[in-house]
Structure formats: C-alpha cells, structure tokens
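Now for the letters of each chain:
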Amino acid sequence: ILNVEQSPQSLHVQEGDSTNFTCSFPSSNFYALHWYRWETAKSPKALFVMTLNGDEKKKGRISATLNTKEGYSYLYIKGSQPEDSATYLCAFRNNAGNMLTFGGGTRLMVKP
Amino acid sequence: NAGVTQTPKFQVLKTGQSMTLQCAQDMNHNSMYWYRQDPGMGLRLIYYSASEGTTDKGEVPNGYNVSRLNKREFSLRLESAAPSQTSVYFCASSVGILEQFFGPGTRLTVL
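Listed in order, the protein sequences are those of chains A and B.
Read in order, the letters of the first sequence are residues 30 to 141 in our numbering.
Read in order, the letters of the second sequence are residues 2 to 112 in our numbering.
No lab work stands behind these hints: they were computed from the structure.
Each statement offered as a hint is correct.
Just the calculated beta-carbon pair ranges, DEER-fashion:
hint, chain 1, residue 1, chain 2, residue 2, range
1, B, Pro105, A, Ser114, 18 to 28 angstroms
2, A, Gly108, B, Thr55, 42 to 52 angstroms
3, B, Leu70, A, Asn82, 31 to 41 angstroms
4, A, Pro37, B, Pro105, 26 to 36 angstroms
5, A, Gly45, B, Pro62, 42 to 52 angstroms
6, B, Glu60, A, Ser36, 19 to 29 angstroms
Backbone N, C-alpha and C fix where the C-beta goes; we use that ideal spot for every residue, glycine too.
My request is simple: use the sequences and hints to build the entire structure.
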C-alpha cells in the first residue's frame with residue numbers, strides 16, 4: 030500500500046486570504062500526481078494532472094507545483110472565496126500500473 | 002453527455018443480503034473504477050478495469066466482485082453484505098491514465 034499524505038487535514042480561512050496545502054507521496058517510481066476538488070454532496074472533479082518534476086499548473090486563482098525528487102506537491106489558492114470551500118484531494122500514480130492512491134484530503138472552509 | 006451515472010443513489014441492506022451497484026459511462030472511456038469513501042479514510046480503490054474484458058483488485062477488494070459487462074458498464078456486487086461495507090461508493094472512468102471522472106455516488110447502509 031502506497032503512502033499518500035495530505036496536510037493539514039482541515040483549514041479555516043477568511044475570504045481574501047491566500048492559502049496552501051501539501052501532498053506527500055513516494056518519490057520512487059513516480060508517474061503522475063492528480064489534484065481533485067470535492068464539494069460537499071457532489072463528486073470529485075479533476076483540477077490538475079502533473080507528470081514532470083518542476084511542473085506548475087494554474088487554473089484561475091488555483092495553482093499547483095510538483096517536486097517528484099522529494100515527493101511533494103503544493104496546491105495554492107490566491108484570494109480565497111467562499112465558493113472555494115471544498116475538500117482537495119491529491120492522488121499518486123506510480124509507473125507500475127493503472128491505479129491511483131488517494132490522500133485523505135484537506136478540507137478547506139472559507140468564511141465570508 | 003450524462004458522464005458517469007450510478008444506480009441506486011441510496012440503499013439500505015440487512016446483513017447477509019446481496020446487491021449489485023450499477024455504473025455506466027457514455028464518454029467511451031477504456032478504464033473504469035470502483036472506490037469506497039469512509040470518514041477520515043479518503044477514497045480507497047476496490048476494483049478497477051483497465052479495458053473491456055479485464056478486471057483487477059485494488060486496495061480493498063475483499064467482500065466484493067465486479068463485472069465489466071461491456072465498454073460502458075462496470076458493476077460492483079456485494080454477495081453477503083456486512084456492516085463494515087456501510088460506505089459511500091463511487092464509480093469513475095478515465096481514458097487510460099488521464100484524469101478520472103466520477104459518478105454521483107451510492108450511499109449504502111448495512112444494518
């Protein structure tokens with residue numbers, strides 16, 4: 030079983046704050062790192078798929094970076110809004126197969 | 002496109018009963034997956050099917066069976082439900098190793 034950890038488990042911020050959270054994964058046999066956004070009572074939706082060391086991806090106010098050598102990825106949200114409130118999941122894929130291993134998620138709550 | 006659909010949305014079973022959760026996708030994806038989601042545990046893979054005609058065990062396969070009926074449909078069967086199988090079940094599909102698209106989930110309670 031691969032170990033994928035996310036921190037913090039939960040985060041409360043005020044509207045307008047910028048925030049970031051971490052996904053740690055095995056640094057060996059890396060193939061891809063996925064980020065998903067999961068709103069309450071809905072299903073997870075993909076944000077980014079990252080494959081290269083040093084990758085940076087951006088979608089609006091959300092961006093992510095990837096360090097495969099040390100086994101971590103950061104997700105950043107600039108100027109958080111209440112609609113950013115969700116659980117953010119990362120998932121690791123190694124080069125041995127077709128499976129994603131998910132972290133436990135970071136639950137973000139943005140207060141207006 | 003409906004994307005990924007799951008039936009039923011909710012189900013209550015008694016211990017020992019059997020049931021099949023249905024999943025279908027209309028995106029012509031090769032790969033399909035079944036996950037369970039438990040509080041504090043994130044998503045855990047039960048079974049997956051990389052292509053029509055193949056299925057493989059994931060992290061937590063015990064107590065479940067799957068059938069990849071055709072390219073569109075991937076069902077999950079509980080032969081003899083146990084309270085430990087109370088969970089929310091998500092089906093997902095993807096084009097190979099790219100991003101996964103998730104269904105709306107089935108909330109299962111086993112009494």
